[in-house]
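For the record, the sequence lines run as chains A and B. The working numbering runs 321 ahead of the 1-based position in the first sequence. The working numbering runs 321 ahead of the 1-based position in the second sequence.
Simulated from the structure, these hints should not be mistaken for laboratory data. Treat each hint with caution, since some may be false.
Pairs involving identical chains hold if they fit within one copy or between any two copies, as the list cannot separate such chains.
Claimed, not checked - Pairs of lysine to aspartate or glutamate residues, derived as EDC-like cross-links and limited to a Cα-Cα distance of at most 20 Å, are as follows:
hint: 1; residue 1: K417; residue 2: E620
hint: 2; residue 1: K476; residue 2: E515
hint: 3; residue 1: K415; residue 2: D469
hint: 4; residue 1: K415; residue 2: E597
hint: 5; residue 1: K601; residue 2: E542
hint: 6; residue 1: K450; residue 2: E362
hint: 7; residue 1: K409; residue 2: D456
hint: 8; residue 1: K545; residue 2: E408
hint: 9; residue 1: K553; residue 2: E373
hint: 10; residue 1: K553; residue 2: E515
hint: 11; residue 1: K444; residue 2: E609
hint: 12; residue 1: K450; residue 2: E354
hint: 13; residue 1: K417; residue 2: E354
hint: 14; residue 1: K450; residue 2: E377
hint: 15; residue 1: K567; residue 2: E350
There are 2 protein chains.
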Amino acid sequence: MINRLVSRIRETGAPIVVGLDPMLSYIPEQILEKAFSECGETLEGAAQAIWEFNREIIDNTCDLIPAVKPQIAMYEQFGLEGLKAFEKTVKYCKEKGLVVIGDVKRGDIGSTSAAYATAHLGKVTVGTKRIAAFDEDFATVNPYLGSDGVKPFVKVCREEKKGIFVLVKTSNPSSGEFQDRLIDGRPLYEHVGEKVAEWGEECMGDSYSYVGAVVGATYPEMGKILRKIMPKAYILVPGYGAQGGKGADLVHFFNADGLGAIVNSSRGIIAAWQQEEYGKYGAEHFGEASRAAVLDMREDIAQALEKR
Amino acid sequence: MINRLVSRIRETGAPIVVGLDPMLSYIPEQILEKAFSECGETLEGAAQAIWEFNREIIDNTCDLIPAVKPQIAMYEQFGLEGLKAFEKTVKYCKEKGLVVIGDVKRGDIGSTSAAYATAHLGKVTVGTKRIAAFDEDFATVNPYLGSDGVKPFVKVCREEKKGIFVLVKTSNPSSGEFQDRLIDGRPLYEHVGEKVAEWGEECMGDSYSYVGAVVGATYPEMGKILRKIMPKAYILVPGYGAQGGKGADLVHFFNADGLGAIVNSSRGIIAAWQQEEYGKYGAEHFGEASRAAVLDMREDIAQALEKR
């Protein structure tokens, strides 16, 4: 799957992942009204609105981008109905040829981590059958529990040719509370980065590993160091756009080959229609606003990479 | 909810939580056969078997214990059908008067953590309505992302009078890889423990905080130190039984008042019928085997606390 992700990035010239993290407040009134009039103000109604919203954005951007990253929390809050919309979104994106990164940030130990890996990347055994559940292509994983928590994912990645992105340095302001603390003179995130490189060796694609890392765009200097510590890890970079990261901040996350990083934008793309810059599209044409935002983001990153 | 948990522990005299972490391999043949004959070897069939299995164990133990802890990964691997069984289990346990700790180990940042908190402990806004999704009483939370990840949970806890247990020192062998590393001369888990105490101050019940901690039974010496660092945090202690923790290891997790800790056992209780000790009950009476295992665990802990 990492090979597929790399080749899709080459094809599109866009190291971009669109974060499908729908909040009801991002969804235009006409979609909400239709869903609520059909299903009432229920979890089902919310889930239908989310699905209609996602589909329009996917249809308007899928030829431009290699991958999407649905954030499962935004679906999980609507319970089973929300998770149905998540499942439907994953399936639809795969039909459209997109690589799907399930932003699930799961992590537990032993058989429990194995169950999460199965849920999102693998197949579960039921009697004589092997059945896939959510079936994303990649999942994000939390490293706090150490190798016991991550290795069950690596095992499933090897079996299914899928991938993970391990949280190394997250984009949020308080990420430093624990991640930046010095251990033997170096911050915790560097130690985690070293483990990512180690886990990744067991599971290599052609030029990059099936085990990638999450490093926030908001910390470019740290990205520079982590790029060196994990040369074979693809870096998933959140924090571009709404969280404050700019194209110029991103160059350090890429290798000299122009590969090695994929940058996420969520609100900046899916709620583009609400921003002044794309206001001309209006609520009616929110999908086209998203498309325009993707094109601008691609340009911003390409220019930054050219200038370096 | 922490007050309710404390009073249920007093009533039952059992600081015990039963981990409802069903693997299909724990489920007696007669239940699997019935479910597969009705639904086929499908995700639905697996989910039905899990639900029948859980119900029997709940019915046989609910008068003895204050709380259960369903591990959502074990349901999530069966997709939406599995999560339906999770939802049904949570609801049934609450009807039986049990406190439900959703072992979900979620954790993200800002609005995403808020969405997880809403999914598991809160109510989501849909139009003019406020609707609860999974609606557990407590959830477990991963601290790697720092305060940004935990505070949205604390906010929902305050609003809904619910609680969380933050992972501090987990029970698995590799938990030390990051958690034990020294920062300013003290291990990371102590720093996390200090934050737990700080977060907990914002959210106090009568004698304990709504913000508790997870500390593995397999590390009793660390439990002793963490007990002092977080005097008002209830400690959820996994790792008893199958993972190697014994009654005598547990005494340091409790305060002098005999409260402050609740010990989890999963396989040791729910798969008791497969153990030599409880073999006499047979597959037919697996619920009674679980009941016997709860009684033995209660006795083991009570004796250990008496002897200290």
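We went through each hint and held it up to the structure:
In this assembly of identical chains, the alpha carbons of K417 and E620 never lie at most 20 Å apart, being 23 Å within a copy and 58 Å across copies at closest. With identical chains, the CA atoms of K476 and E515 are at most 20 Å apart within one copy only, with a shortest distance of 19 Å there and 35 Å across copies. Within a single copy, K415 and D469 get their C-alpha atoms no closer than 30 Å, and across copies no closer than 32 Å, so neither meets the 20 Å cut-off. In this assembly of identical chains, the alpha carbons of K415 and E597 never lie at most 20 Å apart, being 32 Å within a copy and 48 Å across copies at closest.
Taking the shortest alpha-carbon separations for K601 and E542, neither the intra-copy value of 36 Å nor the inter-copy value of 63 Å comes in at or below 20 Å. Within a single copy, K450 and E362 get their C-alpha atoms only as close as 38 Å, which misses the 20 Å cut-off; across copies the closest is 7 Å, which meets it. For the homomeric pair K409 and D456, the shortest alpha-carbon distance inside one copy (11 Å) is at most 20 Å, but the shortest distance between copies (23 Å) is not. For a Cα distance limit of 20 Å, the shortest separation of K545 from E408 qualifies neither inside one copy, at 36 Å, nor across copies, at 44 Å.
Taking CA atoms no more than 20 Å apart as the test, K553 paired with E373 passes in neither setting, with 37 Å inside one copy and 47 Å between copies. Proximity of K553 and E515 under a CA criterion of 20 Å is satisfied intra-copy only: 11 Å inside one chain copy versus 36 Å between copies. Proximity of K444 to E609 under the C-alpha cut-off of 20 Å is found in neither arrangement, the shortest distances being 37 Å within a copy and 33 Å between copies. In this assembly of identical chains, K450 and E354 lie within 20 Å of each other by CA distance solely across copies; the values are 14 Å between and 42 Å within a copy.
With identical chains, the CA atoms of K417 and E354 are never at most 20 Å apart, being 27 Å at best within one copy and 39 Å at best between copies. Proximity of K450 and E377 under a CA criterion of 20 Å is satisfied in neither setting, with 35 Å inside one chain copy and 26 Å between copies. In this assembly of identical chains, the alpha carbons of K567 and E350 never lie at most 20 Å apart, being 30 Å within a copy and 58 Å across copies at closest.
In this structure, the hints that do not hold are numbers 1, 3, 4, 5, 8, 9, 11, 13, 14 and 15, in rising order.
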